[in-house]
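Protein chains in written order, with our numbering: chain A, 1 to 355; chain B, 1001 to 1355; chain C, 2001 to 2355; chain D, 3001 to 3355.
In short, the hints are calculated from the structure, not lab data.
Subject to a maximum C-alpha distance of 27 Å in a straight line, what follows is the list of computed DSSO-like cross-link-like pairs (lysine-lysine):
1) Lys253/A with Lys1178/B
2) Lys178/A with Lys270/A
3) Lys3178/D with Lys2253/C
4 protein chains.
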Amino acid sequence: MSDTASPAIKKKLSCAIVGATGVAGQQFVEGLQGHPWFTITHLFASERSAGKVYKEAAVWHGEGSHPADIADMVVLSTDDIEREAANIDIFFSALPSETAREIEGRCAAFKPVISTAAAYRYDDDVPILIPEVNADHALLIRKQKERGWKGFVVPGSNCTTVGLAIALKPVMDNFGIKRVIMTSLQALSGAGYPGVASMDILDNVIPYIGKEEEKVKKELVKIIPGTYLVGATCTRVHVRDGHTETVTVETEKPCTPESFMAAVVGFNKKCREQFGPLPSAPNETIVLADGVNRPQPRLDRNTHNGMATVVGRIRTEDVFPNSISFVLLSHNTKRGAALGEILTAEYLYKQGYIA
Amino acid sequence: MSDTASPAIKKKLSCAIVGATGVAGQQFVEGLQGHPWFTITHLFASERSAGKVYKEAAVWHGEGSHPADIADMVVLSTDDIEREAANIDIFFSALPSETAREIEGRCAAFKPVISTAAAYRYDDDVPILIPEVNADHALLIRKQKERGWKGFVVPGSNCTTVGLAIALKPVMDNFGIKRVIMTSLQALSGAGYPGVASMDILDNVIPYIGKEEEKVKKELVKIIPGTYLVGATCTRVHVRDGHTETVTVETEKPCTPESFMAAVVGFNKKCREQFGPLPSAPNETIVLADGVNRPQPRLDRNTHNGMATVVGRIRTEDVFPNSISFVLLSHNTKRGAALGEILTAEYLYKQGYIA
Amino acid sequence: MSDTASPAIKKKLSCAIVGATGVAGQQFVEGLQGHPWFTITHLFASERSAGKVYKEAAVWHGEGSHPADIADMVVLSTDDIEREAANIDIFFSALPSETAREIEGRCAAFKPVISTAAAYRYDDDVPILIPEVNADHALLIRKQKERGWKGFVVPGSNCTTVGLAIALKPVMDNFGIKRVIMTSLQALSGAGYPGVASMDILDNVIPYIGKEEEKVKKELVKIIPGTYLVGATCTRVHVRDGHTETVTVETEKPCTPESFMAAVVGFNKKCREQFGPLPSAPNETIVLADGVNRPQPRLDRNTHNGMATVVGRIRTEDVFPNSISFVLLSHNTKRGAALGEILTAEYLYKQGYIA
Amino acid sequence: MSDTASPAIKKKLSCAIVGATGVAGQQFVEGLQGHPWFTITHLFASERSAGKVYKEAAVWHGEGSHPADIADMVVLSTDDIEREAANIDIFFSALPSETAREIEGRCAAFKPVISTAAAYRYDDDVPILIPEVNADHALLIRKQKERGWKGFVVPGSNCTTVGLAIALKPVMDNFGIKRVIMTSLQALSGAGYPGVASMDILDNVIPYIGKEEEKVKKELVKIIPGTYLVGATCTRVHVRDGHTETVTVETEKPCTPESFMAAVVGFNKKCREQFGPLPSAPNETIVLADGVNRPQPRLDRNTHNGMATVVGRIRTEDVFPNSISFVLLSHNTKRGAALGEILTAEYLYKQGYIA
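Given only the sequences and the hints, what does the whole structure look like? Please build it.
This is the structure we're talking about:
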């Protein structure tokens, strides 16, 4: 991040994190440290945490401990949202699915809400926004006015969808997509905390993640219209962070590894032009992995601060008339959660959706 | 195993293990313990081990230690194969690929060789035999007489192919196969010992296994003719034993989960009739996993002594006009290596190929 | 186990498992399969499970699935204990600590209770019984009559104490013990299920287990009087089953590796004479590990069905005038829980404490 | 690191890395990136690598890939050491033990050698230097002139010794040390690459590391004279980086947790005064862990860039008349290897030993 990215920023926007004490909320706290445009001014959590200082309300799950400037901030109850809304420019929501719909709605009545929760993802007037893939879907936001909201809700996609959507975007644009078959090898952090029991995953693979496959299919076709023939098998493996996905795409037009890589280069260029000035945008949206046995989660997940989608093992197999196969890696708690939503907020701010 | 399976066996067949000191050789030693038809009479290994007793020549990789009755057997040099051949009924070969072609050929000049090595797999007169799938390919053995051999070589398939071939057999027979897309999550023991460095796989996935994907494709189409449209991505995960594979098959005819399961039941019945009396045959060739999140390597790999292929997550996705998707688990060092070859030897013996 | 061990057994004793649906309860279910003297006739659990058949009430945590003959047994409410007590010969309790004191007391009012719970461990009239170490403490049981109980409660020790007590017994008897310094590297299954979160232990060690060190000290001195100078550091490592402990003992008299090993041989002999006929007694109580880098949990934890304490790395360091150092391994969910308690029940039965 | 630490540095010292392509050598490459005083000008390796550019000679084991400014540097043969010595100010040696004695001697004939190898550690005229602990031992260097060397050799300690020595230093200075009993839970990276096989450590502990215990004892008493009663058990656990050690010290004088912590604070202050200006010195030499279950390798190993020794679980047990017990964590490939040696070089440079 660089302060010079936006010399025009006079005063940082006030950000509230809703659901601030959980793992996902902590990732927003971490991701907003030193942000050139945004500053955390409010932390909201459930009744149980309200009134405590943050370092006492939240057991810190990251390395080290609670960022110093947030550690002593008093956590507010979500009951106080309406009272505080006037002093807040953006709500970042890391709420669990049970409470997200109600509370995000209450926030959106006043201000923009950027969310990692699924509550509104499948509503017709709500875009699932990944700036590099479907920035134009931001137009949907206006329809949300009809709900009587002054603000709006923009959720990000599921952490398994985001890397897939990014990798498929240049395929769709250049070769067309007939069908996609994907197997994910997902990291433990995707299940939250405490999440997966150690006894369940030591020396093991769990070949099923509840509702994950349905989410991937439903979200992908909403983000990249036309991708309606999708097979997905989602598994959990013994990795802390970083979702690996093996992907085979049947394309409309011939696609070679070379032409796919060229398409990626073009896509990256376009992304850099359009989103490069955003503080959280990765240098390259898609990084072509170097080495026949890459990407690997431990080695590649932090590429460009965990915001890049790393793609390797690019090859064409003789399984379809036209196709391309590859393996991708996407950091599920960075690109796939808080950092991805921060990028979305940066984009919406620059486009004027957030005042 | 049950002694009563074959009351007619008067005298056990003398078995030699070639490459007896390595991990794969040890699995033959373990797998033949208490076998009702076969008994180990010879252990062959390289010059380095020859002349030592087995317990000193081989660092034991299994639980516990060297089986008591083999521990003090003197290891012979492979130079002595010709001299000893007259006293041997079957050679079980666990040789590394570098030496397998030459040494197995020298054994086959005299006697049957059942092998885990790939050296002869792709020769035209050599079947890759999985009894339940392509027992009829055993006829090819006769052609090997033209090499001037009194014996023959019958290799098993790669440990990643065997479970896939077994699971696809009832699909092919009942619904026809157009194309197959498979991702494997393979166990560490598949790489032998020392194999994968701990620093490479801790908190990681390695999305590439050298030559594995080519082997799967080449072997599958030889074992099940017609399966020539195959996409395969082979990965290594943090699991000790048991290869998991996610599979999507486009079928010629409509295939529902119910009709697939019925086909499996029929297949199991046929296998039981044909191979049931063989001591190493699993009770059910394919076990339908119980539970939405199964099969799992740690929980299911030892089903029927590691000889069953466990299949779960059976479903039809809307990705092809006709298709079936599932996850399978096969024990790579049991069904996929020594125990699988012992079953093949049992079959060939009952069919009269081994005298 | 062998049926011939006790030809005099006419009718198996009726056993009730209290807390039957949890992990510890399941280990009793597993451990009693095929037992020559004992048979499971009652399963008790909380209100939530009562009335369901076992396979529906308990998610099975072992390999495979619920033992066939227990799978369809109806789980009873602990409210029914008094009603059923007349038909029960032994209660095996696997209750969580919160409820153990009350419910075990209600059981003991009628019949013997053998327990893995800590509730009564530290009461003056209650022995913490490890037959090979302090069989004579069984006499304490008579004092429990003063509670007005027809039965009694005999708990086993904590899973970290049992292997330590066994390994120290021949040291105490032959060399005297001045002080003990122990570090444990404990398995995940010791924390129950779901227990340790995978995100907490992947690529990690947790150097603290709540109350564990206090328990070890308090129990050890009760089981082996005189061991009051004990230092203990209990850690959690990335191992599924099997607690490893590094131990240095300052002895009263000189102790060499040779004399320690001779003491172990003598101890084993005495144990075999005294406890050999018990179905669950290990062949050797202490197994001297073979190999400079043993015992190792994965390789050695199942020695003698997980009932042996495996001791290796025996050496004298120049840290005390007289001392012996070693590493021990004890299976925490077998010897350290259900199987250990079953052995205790066998002993008490043979001694006439259980009618 | 901060450039301002030493405003007087006009020209950076030329550093050669000997054994530059191995894992330990790569850690020097990584550790010297952006160093304010030192710059890498020479890379030496064996014949096999000589003549290649670094990125082709060395498979990179760190995150990301070879540092850009080193990637294309041509690796020299160790045969060229004498020819190049005039252009080199410091040799950093990461040689394997087999070759270290000969090659380091050839380097020392001309220039200072700071080494991670054990080759010279136990020679009488060679200090094992840990600046914060035994800076005064640097005086020994002068004796090395008697070897006819213009330079000298200063090795660091074994990676298991360094954290222990640091933690014991304030104990010795304030309370006196009678005896020490230590158990280490060591990381996989301590065994180099490929090092420990994944099949050996998955779901396992290896309770023995060849020669490690002897090294710890021999080195500790050389670094902190008087620590001759030491018991050590060294084990390997499933952790990538960071050695955990449980320590019990019998002290001469009474030592409470409070007085120990006060001693640490005093020690840190002294270290800061003496070594604070060195670029690689940690902010605090010993960090007192925050939380009852710390230090933990994954959470704490990178404290102060992996240069701090993190100490927690401080308590007095009733096992000795006077004693203190604690758990320490030290990053084995940072403080315990390259970064530790770089700190030593910085110290020797400031003291005028390196010109």
